[in-house]
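Student: Taking the hints into account, I'd like the entire structure generated from these sequences.
Converting from the first sequence to my numbering requires adding 636 to each position, the first position being numbered 1.
Incorrect hints may have been included.
[Unchecked claim] Below are the DSBU-like pairs computed for lysine-lysine, each with C-alpha atoms no more than 35 Å apart in a straight line:
#1 Lys732 with Lys864
#2 Lys930 with Lys909
#3 Lys667 with Lys913
#4 Lys930 with Lys823
#5 Lys864 with Lys909
#6 Lys732 with Lys672
#7 Lys913 with Lys930
#8 Lys913 with Lys823
#9 Lys864 with Lys927
#10 Lys756 with Lys672
#11 Lys864 with Lys823
#12 Lys909 with Lys672
#13 Lys864 with Lys913
#14 Lys756 with Lys732
#15 Lys763 with Lys672
#16 Lys823 with Lys756
#17 Lys732 with Lys763
#18 Lys812 with Lys927
#19 Lys927 with Lys913
Don't read these hints as lab results, they were simulated from the structure.
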Amino acid sequence: MPELPEVETIARGLAERVTGDVIESIWLTSKPQTLKSSAQEIAAATENTLILNVHRMGKHIIFDLERNAVASAHRAAKPVKAKPLRRRSELSETTKSQWIVHLGMTGRLQVCEPHSEILKHTHAIAKLASGRELRFVDPRRFGRLSVATNGAFETLGTEPLEAALGTFVALFRGRKTPIKSALLNQKLLRGVGNIYADEALFRAGIRPRRRASTLSREPFARLHSSLKEVLHEAIAAGGSSISDYVNSSGDEGFFQLQHRVYGREGEPCLVCKTPIKRVVIGGRSSHYCPKCQK
DNA sequence: ACTATTTCCTGGATGC
DNA sequence: TGCATCCAGGAAATAG
Numbered sequence: 637m638p639e640l641p642e643v644e645t646i647a648r649g650l651a652e653r654v655t656g657d658v659i660e661s662i663w664l665t666s667k668p669q670t671l672k673s674s675a676q677e678i679a680a681a682t683e684n685t686l687i688l689n690v691h692r693m694g695k696h697i698i699f700d701l702e703r704n705a706v707a708s709a710h711r712a713a714k715p716v717k718a719k720p721l722r723r724r725s726e727l728s729e730t731t732k733s734q735w736i737v738h739l740g741m742t743g744r745l746q747v748c749e750p751h752s753e754i755l756k757h758t759h760a761i762a763k764l765a766s767g768r769e770l771r772f773v774d775p776r777r778f779g780r781l782s783v784a785t786n787g788a789f790e791t792l793g794t795e796p797l798e799a800a801l802g803t804f805v806a807l808f809r810g811r812k813t814p815i816k817s818a819l820l821n822q823k824l825l826r827g828v829g830n831i832y833a834d835e836a837l838f839r840a841g842i843r844p845r846r847r848a849s850t851l852s853r854e855p856f857a858r859l860h861s862s863l864k865e866v867l868h869e870a871i872a873a874g875g876s877s878i879s880d881y882v883n884s885s886g887d888e889g890f891f892q893l894q895h896r897v898y899g900r901e902g903e904p905c906l907v908c909k910t911p912i913k914r915v916v917i918g919g920r921s922s923h924y925c926p927k928c929q930k
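Tutor: Structure, rendered in structure tokens:
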């Protein structure tokens, strides 16, 4: 289940592998729910574009695209002789757009050779000028594809790794919801999912059911630094491979080996040996140590 | 303006 | 073995 560290790992890997390549054409699924923008809109915004960069916003992967003379020339290549130089006005005509991919639970972006087997549940195939293909595969179909053409893609929420303490505390002020649920609310913080919410709360010594509004500045300060710490450590480890997560090269992350509470129900707390508890909060399983977390 | 609950979706695990 | 049932989860939609 890709959360911020997994999405960051994937985006970095993709940036390395496809930046500078050109999307020549794209095939899209007819499954309506997977496409947040229409197939026509996605094709129009992505075909014949140069990939300028790939980066992450919350749990979204953003491809920054540009359609310009370079992209068109790349595409025309081969047998045709070099065309006469375009006029300056034509050369300077560029259109920027963005392709936005949310992986949901089981979404994967793979860069592969065209002859490699097309996996079941493949919902998009972009043909690249390098000869490779960029494919979106998502069995459970919680993932979403969309494009942004007018200005930069916007999404709500604060980036947890960029939030100063004051900003962080202000997000939760007056909220009666459990702190666990607040951490998962993408309109407040973006990118935190179930694993890292549980891990950050454990490190901060806060029970997941505590109402956000009942926490004073001191526990918030601990939570603020714990969250950043766990996210940084997870990114360094290439993310957590639970179920079927792999990065864009098909490699597993290994932060799951460092989980202290997530998925450890009944196992001894690494600090005090008390069995880790699992409860359901807002429909999400939440793991904590009843002794270490207050 | 918030908060809580339901819905979407499939593969893997579990139970009889 | 085979079949039914449950469960995982992000975010949008719905209800309160």
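Student: Each hint: holds or not?
Tutor: Status of the hints after comparison with the structure:
1. Distance hint between Lys732 and Lys864 is fulfilled; the C-alpha atoms sit about 32 Å from each other, no more than 35 Å.
2. Proximity of Lys930 to Lys909 is assessed by CA-CA distance (about 16 Å); at most 35 Å being required, the pair is judged to hold.
3. Between Lys667 and Lys913 the CA atoms are separated by roughly 39 Å; this puts the pair beyond 35 Å, and the hint is violated.
4. Of the pairs offered as hints, the one joining Lys930 and Lys823 holds, with about 26 Å between alpha carbons and a cut-off of 35 Å not exceeded.
5. Distance check on the hinted pair: Lys864 and Lys909 sit about 25 Å apart at the alpha-carbon level, within 35 Å; holds.
6. The straight-line distance between the Cα atoms of Lys732 and Lys672 is roughly 19 Å, inside the 35 Å bound, and the hint therefore holds.
7. Distance hint between Lys913 and Lys930 is fulfilled; the C-alpha atoms sit about 13 Å from each other, no more than 35 Å.
8. Pair hint Lys913 plus Lys823 holds up; C-alpha atoms about 28 Å apart against a cutoff of 35 Å.
9. Taking the CA atoms of Lys864 and Lys927, the gap is about 23 Å. The hint holds against a cut of 35 Å.
10. A threshold of 35 Å between alpha carbons decides the hint, and for Lys756 with Lys672 the separation of about 21 Å falls inside it, so the pair holds.
11. Using a Cα cut-off of 35 Å, the hinted pair Lys864 and Lys823 holds, with the two alpha carbons roughly 18 Å apart.
12. Between Lys909 and Lys672 the alpha-carbon distance is near 46 Å, which puts this suggested pair outside the 35 Å criterion.
13. Note on Lys864 and Lys913: the hinted pairing holds, with a Cα-Cα distance of about 24 Å set against a maximum of 35 Å.
14. For the hint linking Lys756 to Lys732, the alpha-carbon distance of about 32 Å falls within 35 Å, and the restraint holds.
15. Between Lys763 and Lys672, the direct Cα distance comes to roughly 21 Å. Compliance with the 35 Å bound is thereby established for this hinted pair.
16. At roughly 33 Å between alpha-carbon atoms, Lys823 and Lys756 fall within 35 Å of each other, so this suggested pair holds.
17. For the suggested pair Lys732 and Lys763, the alpha carbons sit about 19 Å apart, so the restraint of at most 35 Å is met.
18. The suggested pairing of Lys812 with Lys927 holds, with an alpha-carbon distance near 23 Å, which does not exceed 35 Å.
19. Restraint check for Lys927 and Lys913: the C-alpha separation of about 10 Å stays at or below 35 Å, so the hint holds.
Violated hints, in rising order: 3 and 12; the structure is consistent with all others.
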